[in-house]
Amino acid sequence: MSKSKMTKCPKCGEKSFKEIKENVFKCVSCNYRKDLNDPDYGWFMPSLTVGGLSGLMIAIVGFLFIFRVASSNLSNPIRNQTDVLAPEPEIIPASISNIREPPTQTVPKVIAKPMPKPVAKPVAKSGNQVILEISGKPQTVLLCGLNAPTPNSPLFAAATQNLQQLLDLAGTDNLFWSLIDNDKGIQVMELYDRRVQGSINAQQAASGYATSSQFLAKLCRDRVQILASVQLAREQQKGLWKP
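Counted from 1, the sequence shown has number 178 at position 178 by the numbering used here; the numbering is strictly sequential.
Rather than coming from a laboratory, the hints here were simulated on the basis of the structure.
Everything hinted at is true.
In the BS3-like style, the derived pairs of lysine-lysine whose C-alpha atoms are separated by at most 30 Å in a straight line are:
(1) K121 with K218
(2) K184 with K218
(3) K218 with K125
(4) K5 with K18
(5) K5 with K15
(6) K8 with K34
(7) K184 with K125
(8) K121 with K137
Across the chosen pairs, the derived CB separations fall in these ranges:
(9) F63 with N31: 30 to 40 Å
(10) L232 with T140: 27 to 37 Å
(11) F63 with Q197: 56 to 66 Å
(12) S54 with I20: 23 to 33 Å
(13) Q231 with P151: 22 to 32 Å
(14) E235 with T150: 21 to 31 Å
(15) V123 with K242: 18 to 28 Å
From a predicted model like this one, the values you see are computed outputs, not experimental measurements.
We treat Cβ as the ideally placed atom computed from N, Cα and C, and that holds for glycine.
Given only the sequences and the hints, what does the whole structure look like? Please build it.
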């Protein structure tokens, strides 16, 4: 052991215990002295050596453990669970089925995949009624959430014509529907134009030729969009709200 190296004094605890000559140690702080040549202290040097080796081994093991944990965290980052998206609801084509779906407030998106075409061209009967051929039979369906001018209203023809234009733009290839309810034998539906990924109900409301309310749109899947479209048409003074 180097004579200049200080170790911890076994008496005062200060790191001021050094070797002043071979196997003779003295504390410069408290003058505590040990002579290892004395048979009573023959254990000191072996103990000092064993303690130093044990501390070194513990330090090496700790360093290897920390390095391994850090490497594992870098190679396996935690995935953010907000990246997982919920599946979109599927819209039933007009010529497939009349299965009744539970109402929801979300606006469904049309899934583009091969579907049988409607048998006949849809015809607007009024500003909120459409004649569709379902299962080989022409049926009058009511657009969910909409109230339109009656036949004795001066805006009846304009409202009916606007709805027919929306149906013609969609075409039979892109027209899809979702059955919402059955009101006294008349099926209440929401129609969708796959071409623009949009609701025909909401488009008719946005034109100003149909109104709505919280009560009328209560069961509609795209209730929020229909009500917002009516409010926008009112603010822009379109259709029924022209000055």
